[in-house]
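So the sequence lines, in the order shown, correspond to chains A and B. Just so you know, the UniProt record's numbering puts 464 at position 464 of the first sequence, and the rest follows in order with no gaps. Just so you know, the UniProt record's numbering puts 78 at position 78 of the second sequence, and the rest follows in order with no gaps.
Keep in mind the hints are simulated off the structure, nothing from the lab. Incorrect hints may have been included.
Stated by the list, open to error - Computed cross-link-like contacts, BS3-like style, restricted to lysine-lysine with a CA-CA straight-line distance of at most 27 Å:
#: 1; chain 1: B; residue 1: Lys117; chain 2: A; residue 2: Lys429
#: 2; chain 1: B; residue 1: Lys41; chain 2: A; residue 2: Lys294
#: 3; chain 1: A; residue 1: Lys133; chain 2: A; residue 2: Lys429
#: 4; chain 1: A; residue 1: Lys222; chain 2: B; residue 2: Lys117
Since the model is a prediction, treat every value here as computed from it, not as a measurement.
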Amino acid sequence: MEFLSLLDITFFLLAGLGALVGIIFGAIPGMTATMAVAVCLPLTYALGLHHGLALLLGLYVGGISGGMVPAVLLNIPGTPSSITTTFDGYPMAQKGEGEKALKICVIASVIGGLISAAILFLFAPLLADFSIKFSYVEKFLIILLALSVIASLSTSMLVGIFSGVIGIWLSLIGDYSISDGGNGKTRLMFDFMEPYLFEGFSLLPVLIGVFGISTILLEAEKGAKSGLVSERIKISKGGGFSLSVFKGRLTNLVRSSFIGTFVGMLPGVGGSAASVLAYTQEKNLTRDSSQMGKGAPQGLIASESANNALTGGALIPLLSLGIPGDSTTAVLIGAFTLQGIQVGPLFIPENPETWYVMMTALVFANIVMFFLMFYAIKYIAKVVMVPKHILFPIIVMMCVVGAYAINYGIMFDVWTLLIFGILGYLVQKIGLEVAPLIIGFILGGQAEVYFVKSLESFGTYSIFFTKSPIAMVLWGLIIASLMFAIVMGFNSRARQKMELTQVTGSTHTASGKGHDTN
Amino acid sequence: MESGLSSLLSVSIDFETSHLFFPRIIHWIMAGLFVLILMTKVAPFMAAVKRGERTLPIVGEARDNFRFFGTLVLIVAYFYFMAVVGDMFPYTGYGFLMVSMAFVLLMSLLYLHDWSKKALTIVVVNAIVAPSLAWFVLAKLFTITLP
Chain A
1 MEFLSLLDIT FFLLAGLGAL VGIIFGAIPG MTATMAVAVC LPLTYALGLH HGLALLLGLY
61 VGGISGGMVP AVLLNIPGTP SSITTTFDGY PMAQKGEGEK ALKICVIASV IGGLISAAIL
121 FLFAPLLADF SIKFSYVEKF LIILLALSVI ASLSTSMLVG IFSGVIGIWL SLIGDYSISD
181 GGNGKTRLMF DFMEPYLFEG FSLLPVLIGV FGISTILLEA EKGAKSGLVS ERIKISKGGG
241 FSLSVFKGRL TNLVRSSFIG TFVGMLPGVG GSAASVLAYT QEKNLTRDSS QMGKGAPQGL
301 IASESANNAL TGGALIPLLS LGIPGDSTTA VLIGAFTLQG IQVGPLFIPE NPETWYVMMT
361 ALVFANIVMF FLMFYAIKYI AKVVMVPKHI LFPIIVMMCV VGAYAINYGI MFDVWTLLIF
421 GILGYLVQKI GLEVAPLIIG FILGGQAEVY FVKSLESFGT YSIFFTKSPI AMVLWGLIIA
481 SLMFAIVMGF NSRARQKMEL TQVTGSTHTA SGKGHDTN
Chain B
1 MESGLSSLLS VSIDFETSHL FFPRIIHWIM AGLFVLILMT KVAPFMAAVK RGERTLPIVG
61 EARDNFRFFG TLVLIVAYFY FMAVVGDMFP YTGYGFLMVS MAFVLLMSLL YLHDWSKKAL
121 TIVVVNAIVA PSLAWFVLAK LFTITLP
């Protein structure tokens, strides 16, 4: 209990302030939790380790949670892990249930965050032991599973898979990094591109371009005729929210939180995979998945509980192996390095006070995030009342800041915004799927490393099937996920055909009767 | 038989060309999927276009060309001039501040459908205040690098 002496007023103030600033960063399109943590990193040196960690963990939790606001209100995921929140959040906002959608997200987020914190605290050593057993083969199969399940989210599975493969292809542009065990040579580009694309396209400008700039272009082609965004998205006045929304959805909430924590603890597999996996599982397991993607609360619960549960999960490989679970925890390594602390298997036994301080900050930040967002969401949601001609230039401006600042001032990252903004626009116009493309882009680089390293180590493709029982289970899940999507596709087509036949039949009958009367 | 299968599945990756190994596999998968999509999606779609039941995406659709291409031109000009002006005042963020003011003003005017005095005043005030606020908070308070 010696750690209690470290918990002073400043500690709690910093954790709360971190959560607040994080929410603001997350809520502004183009700015993310990673950026919030990166920006405030230098402050931790002046603050000291424990106060600094309080601030950074607050920023992390707030930043991930804040991503729900633009996801629901503007159809722009504030963080990569909010992609699936847009699927149901935005349709709800369009129906005038923006506030209800956000409150569902807030409750799902805090429960996801607290469950993951509990798992982190109780089972960290056990889970770390489990994830340490994952070789490159299992890591690759986990990515393959994440990519295959997103195909079931698509209108057409074939188009979804194709879009995902395009995303992987885009992620391969650049060098095969020596730090990943590659040979350092570049590919998929011409020589004159090397100064700009040696390390490939940066993730954040790509995300901001695809979700920010392309949205502006799609609105621009329509002429943005309605004067107010609020005409498009109505925020309910009476709230319209009741806890009964969660009735019968506790399984979804707990399952998604566990999925988020589990995916979070797998090194390198980030929040987008967690939320997509949780969303897909809910879609596959729920009795009525027909409303998912059209404004179903269970979609929001799955997405937000999973992405907030990621926070606790992602800290497991960081603290036990020294490997970041996602981009934000990668930045957190910088905070430890600044303080001269080595994260790895010996971190918890050697720094028990720091471990307890981190747990306290994580739980406190979640609670602060809940109160701030649940009670102030109406005011945060006011962003949608801003007229389009005011909002659009500001979104572009903030997108520029987000893209330019993430690598500390590279103008090419700003041009990446435009390239991927136009690409995102074209992709949507020709009927490809944006979400699988982006997930493919995020996971593509890691997929290559794990795939090639597996083959270099074992020299046979059969290793992906025979490596371990875990590999076989993962294949089972991949095949089950694809089969389920195919069956659901057939069912949906059959249902559509039946409805069409019924409509045509009744039209014929009606017209027949008409003739009789005449 | 078993050894035949295992030799079929065995693979050796040359380190010198290892950077092309995975991209090659992705190219083959892309090509295969593309052919499948051509046969199952594009061909029926083009037939529907010929019958006049569907329109070609982008080229066959109605679009507000003035605002669409105006937005593209403004964004390109914004990115270009931000770097140019930013180079004149290095490490100050003035490039971002000044060019953002012009960009916000012009883009707001592009989307402004009803040109009333009140609306114009709000647009002008926003074009000055929003970039200034963003510049102050980001460049000054958070010391974020801006062009």
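Now for the hints, and whether the structure bears them out:
1. A distance of roughly 37 Å separates the Cα atoms of lysine 117(B) and lysine 429(A); the hinted pair therefore is violated under the 27 Å criterion.
2. Between the alpha carbons of lysine 41(B) and lysine 294(A) the distance comes to roughly 24 Å, so the proposed pair stays at or under 27 Å and holds.
3. In summary, the hint linking lysine 133(A) to lysine 429(A) is not supported, as the alpha carbons are separated by about 44 Å, beyond the 27 Å threshold.
4. The suggested pairing of lysine 222(A) with lysine 117(B) holds, with an alpha-carbon distance near 25 Å, which does not exceed 27 Å.
Going down the numbered hints, you'll see the structure goes against 1 and 3, while the others check out.
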